[in-house]
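Protein chains: 2
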Amino acid sequence: MRENIVLFGDSLTEQSFRVNGWGASLANTYSRKADILVRGYGGYNTRWALFLLHHLFPLESTKPPLATAIFFGANDSALSGRTSERQHVPIQEYKHNLQKMVLRLKSCSPTMLIVLITPPPVCEEGRRAYAISLYGNNARELSERTNEVTGQYANTCVEMAKEMGVAYINLWSKMQETEGWQKKFLWDGLHLTPDGNAVVFQEVIKVFNEAGLSADKMPYDFPHHSKIDDKNPGSSFQQNVCDASL
Amino acid sequence: MRENIVLFGDSLTEQSFRVNGWGASLANTYSRKADILVRGYGGYNTRWALFLLHHLFPLESTKPPLATAIFFGANDSALSGRTSERQHVPIQEYKHNLQKMVLRLKSCSPTMLIVLITPPPVCEEGRRAYAISLYGNNARELSERTNEVTGQYANTCVEMAKEMGVAYINLWSKMQETEGWQKKFLWDGLHLTPDGNAVVFQEVIKVFNEAGLSADKMPYDFPHHSKIDDKNPGSSFQQNVCDASL
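Residue numbers (UniProt numbering), protein chains in the order written: chain D, 1 to 246; chain P, 1 to 246.
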């Protein structure tokens, strides 16, 4: 009965129900209207995520998601030859993998809202400080990610979204519009602070609203308590559930 | 494939995905293991919630919840003859309504973990201050709820849980063990602060762990990224998904 909204991504999605997390904020906004399902896989790149597609988005589903956010790239853009090399995916493959995801979702449901989110920017200094906090003098000198390369992946993600006609959020650009984004939005140079989560939430809500999926316009699943006839409550629950908010 | 955990209640549940909300914390804890579905209906008492039972918990479901928390009573215990009178439900009816909920859930699935949560305590002074903040001099002198009466409902909830052999959390008692609970746990004398949410979360986790549903012991839905063979990733996804965490 209730619609599903799926969040498919890496650790930035898996951690989206921490304090002020963008996933939790979505769940709060769509309370009584849609379920937010987290499908976040920390450390995953698009190459590995492709193996999950047919499990998470079966073609024979009678209830495909109303909307799906695809939020990968932070791991694909890890540099070859550095400490996170095993997560690296070449940029052209990243693009093809995203295309496969979009095609799969469109096959599941041609009406599904698909939103591609680019990786956020990277603060190399923040990554280095975090590595030192973990490994001290053993921390490698060179960051495993650079903001420049991640930006190339972000551009590719946007380019692909435009080619395929799906919605997108250029988080890499958006965050860098704010002075001090490095510490304001990223706690370790890569993962989101509560403020960083708020940016993702606001941008996702904006896209959802533009696509006509504003929570305000979706009906409550059952009557608001103030509309229940307390002398004859049964009568308040007899109407079509879809009309419950009228 | 993934198990569901349902949170069924009133506004204390509907608001459980706000900052540090107990629902969001559960979703974070069970990330990649179970979906947390919020079925919170602000303002509802058990009498009205009964009308939702067959919609939310259909007997023919092929995938009943793994666990369900039932968290009502804050509205049932509103006093007759005061401003929230329409939400009042006599204590014996409250008990019978909870019994009907438990029986329904047991019919859905005899193995489902059912956790009854009593209403939290009420801070009458906090309710009064909140009413004044809304209505100024027009605020009624008499609180629409008292801690004493809510305590009777809490005791009835516990009594019923014991009679039916289901798990329970006496939130009314638990919160009052902490000095300053009135403001520490309740922001308007009734609804939960972030600290109040943390208490609910901790108590729910305790019951879940005791029942063998500890998130730590549940398998990941897919391999941890560090276990993926980056030379031959397909091989990491061929094994039974249930064994993915091994």
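Derived by calculation from the structure, the hints in this document are not laboratory data.
Each hint should be verified, as a subset may be incorrect.
Under the rule of at most 25 Å between Cα atoms (straight-line distance), these lysine to any residue pairs were calculated in the SDA-like manner [what the hints assert, rightly or not]: (1) D:K227 - P:K206; (2) D:K106 - D:K227; (3) D:K63 - P:L37; (4) P:K33 - D:K227; (5) P:K106 - P:Q92.
Comparing the hints with the structure gives:
The hinted pair formed by K227 (chain D) and K206 (chain P) fails the criterion: a straight-line CA distance of about 37 Å is larger than 25 Å. Between the alpha carbons of K106 (chain D) and K227 (chain D) the distance comes to roughly 39 Å, so the proposed pair goes past 25 Å and is violated. As the CA atoms of K63 (chain D) and L37 (chain P) are separated by approximately 16 Å, the hinted pair is consistent with the 25 Å bound. Proposed proximity of K33 (chain P) and K227 (chain D) is contradicted: the alpha carbons are some 37 Å apart, above 25 Å.
Restraint check for K106 (chain P) and Q92 (chain P): satisfied, since their Cα atoms lie roughly 21 Å apart, inside the 25 Å limit.
Hints 1, 2 and 4 from the earlier list are contradicted by this structure; the remaining hints agree with it.
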